[in-house]
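> Listed below, chain by chain, are the residues.
2 protein chains.
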Amino acid sequence: MIAEEYKQMLGKKSVIRELSEYGTERAKEIGYEKVFDYSLGNPSVPVPQAFTDKLIELAASKNSAAVHGYSPSLGISSVREKIAASLNRRFGMDYEKEHIFMTSGAAGAIAHALRSVTKKGDEVMTFAPYFPEYNPYVNKTGAVLKIVPADTDGFQINFPEFEKMFSSKVMVVLINTPNNPSGIVYSTETIERLAAFLTEKEREFGHDIFLISDEPYREIVFKHVDAPYTAKYYHNTITCYSFSKSMSLPGERIGYLAVNPACKDAKLIVEMCGQISRGIGHNCPPSIIQLAVAEVVDLTADLSVYETNMNILYRALTGFGFSCVKPGGTFYMFPKAMEEDAGRFCSRALKYDLILVPADSFGCPGYFRIAYCIPTEKVERSLEAFRQLAQDYK
Amino acid sequence: MIAEEYKQMLGKKSVIRELSEYGTERAKEIGYEKVFDYSLGNPSVPVPQAFTDKLIELAASKNSAAVHGYSPSLGISSVREKIAASLNRRFGMDYEKEHIFMTSGAAGAIAHALRSVTKKGDEVMTFAPYFPEYNPYVNKTGAVLKIVPADTDGFQINFPEFEKMFSSKVMVVLINTPNNPSGIVYSTETIERLAAFLTEKEREFGHDIFLISDEPYREIVFKHVDAPYTAKYYHNTITCYSFSKSMSLPGERIGYLAVNPACKDAKLIVEMCGQISRGIGHNCPPSIIQLAVAEVVDLTADLSVYETNMNILYRALTGFGFSCVKPGGTFYMFPKAMEEDAGRFCSRALKYDLILVPADSFGCPGYFRIAYCIPTEKVERSLEAFRQLAQDYK
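Heads up: the protein sequence lines correspond to chains A and B, in order.
Residues 755 to 1148 in my numbering are what the first sequence spells out, letter by letter.
Residues 755 to 1148 in my numbering are what the second sequence spells out, letter by letter.
Just so you know, the hints here were simulated from the structure itself, not pulled from any lab data.
You can trust all of the hints, since none of them are fake.
Partner residues aside, some chain A positions facing chain B, computed with beta carbon under 7 angstroms:
id : residue
1  : A861
2  : Q1029
3  : P1040
Each computed BS3-like pair below joins lysine-lysine, with the alpha-carbon atoms no more than 27 angstroms apart:
id : chain 1 : residue 1 : chain 2 : residue 2
4  : B       : K1021     : A       : K767
5  : B       : K1080     : B       : K1132
6  : B       : K808      : A       : K808
7  : A       : K851      : B       : K767
8  : B       : K900      : B       : K955
9  : B       : K873      : A       : K874
10 : B       : K955      : A       : K761
11 : B       : K766      : A       : K873
12 : B       : K782      : A       : K816
13 : A       : K816      : B       : K1132
14 : A       : K1018     : B       : K767
15 : A       : K761      : B       : K851
16 : A       : K767      : B       : K874
17 : B       : K766      : A       : K874
18 : A       : K1021     : B       : K767
19 : A       : K894      : B       : K894
20 : B       : K918      : B       : K873
21 : B       : K894      : A       : K923
22 : A       : K767      : B       : K851
23 : B       : K788      : A       : K816
Computed beta-carbon distance windows for the label pairs:
id : chain 1 : residue 1 : chain 2 : residue 2 : range
24 : A       : A839      : B       : N893      : 30 to 40 angstroms
25 : A       : L1104     : B       : E758      : 50 to 60 angstroms
26 : A       : Q803      : B       : G1097     : 52 to 62 angstroms
27 : A       : G765      : B       : A820      : 28 to 38 angstroms
Note that the Cβ used here is the ideal one computed from N, Cα and C, for glycine as well.
Extracted from the complex, chain A is given alone in its bound form (with noise of 0.2 angstroms):
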């Protein structure tokens, strides 16, 4: 008797999947460099080298009890300090280390704050374009998540449908800023009015509303970009953070949630996430990583390729002829495909051995996503492969 919801859930195959499986097999036939394959959002840049240095020395360390024995069910103690004094620092926030859980990714931050906050039947809200897996991080805390239309124009929030739709069951709003696959930064003006509205419809409703601010792009803002830190605007935030794109550490499985100091009950969500874990087999990120990255809590990865890649795309796409709205962040761009059926569009790239993403399962058809995490010389290469594509619909 295999449990049947998840057995068909396997029949549902990834688009991305597929695509960057066909793109490896591709690979194999003419060559790994003739194959632009702009599938997958795997950071392409090294991890940073002090980060290196601290794991090898943790490693090598003789209390080898200290560096890999449990963790405290929130997180390391000292870890957790130094996050909330990294994120004071540099936001102007006035987190302790109670409002620190410590999580596999962002991932885990978002599958604890979801069941902190929801009960069955609660409703989530959240905005297109928006990451697939939010479905089943939602649907299987048995709240229901209801997707508002795109704002197409900006790919900033789509206000006049978002209110239209909001009822007293919604009891959380979940954004995700950088946005994946946008790659649009919400703007303080967004985040203002997101943060207005949510207080009034508190007030009129009579219940906390949280804001899940999923943030693992964070640190991928390009230059000039207004991108405000979302919990200094709304009291009942819940940050959600990941060091997988920030350091390029996407398989280690690090990230944490950090509420709101002003947020309701803040620190007894932090110890409910502990108790959330036990039911989910989850006990805590590994303790070296834990203890690794809050080593060097405020580097990053050298990001500076993103936004290198972003600048010709942009350039060179606009000028064949497309559609995009400009990222302000991220690896992703998303322009509008040449032909209303964006998956017909992507099937034709492949022609040009382009692999790019349809963004029907983003919520968001009629659009492709580009995942320019690849090295800028296959970027340049690339474009010929773009301008033959836009030519096809000359």
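Once you have looked at the hints, place chain B on chain A.
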């Protein structure tokens, strides 16, 4: 509106944690050397040097994306292959890599195994004394945990009670051998009898019954002890393993689930585990730790100290009049308290700075647990305290 179910869990503080905190405080008062803290099951021996060497080599690799990049959702392919080969070599099994799913320790393995083969309302049976975390693991899947009272003669399985309690609602039997807290290893006779019973019940009820075998202590088995590999004896076995104890790596959260190739839908269950992960925000154990353990998969830390400690304690305690079944493995021992209320007995032990855990939360009142993963010289110095404690009851 924070989630009441998790808030309420906070009320119930873990006895083990409270005792261990007391031990830490007491050590500050009178000195670490004078407190005989037998409360926590934390491995006390160093990790294998070969693991450390491999970890450093990986961390120093120039190709940081290969070391720190995303693991595929079922685990790194080469790692799964090495684990399957090791199990086949050691236990005469025929696992393929498709039968192995990498997890965050045994906790992650059990969480996934339970979700893969139960649905809401199903019953999961386990045997006292049992690891209390089985309660949240099972409860949060929607299934119901049923505890079979202990066989206090030998801490094997109490078959008469088990058979009486067994119903058609039981989809999973969850065992832990070598056992925390009793230290007992289930004998071949026990496993054979269990397998025969489950096979008969499968026929009678016309549905599969899965045996989830939780085996984090598999490598800590003492000389001349019969320690069968469970999956060899029953087709529908899902083995849950952790490297926490065998390699002294509890903080690195690394383990796996191995589905017996003879199991119904064996490879499908592994694929489903990848889907289960999506809902609970767990995405594979850390990549670098997966890669490092796989390189030294047949090694363990030097575990001999545990048997040394056991022999010293067993001889002394039985000499002082304690009644105790001799452990066959782990680093636990499970004597009978010298008064009916084990809680009161353990409180009295504190007078001698002996920190012992009453076994009520293990579902076996009247007993206490000794976690003897501490230095041997300290074990020796603690004997006088045990002697005095026993003396109090003469």
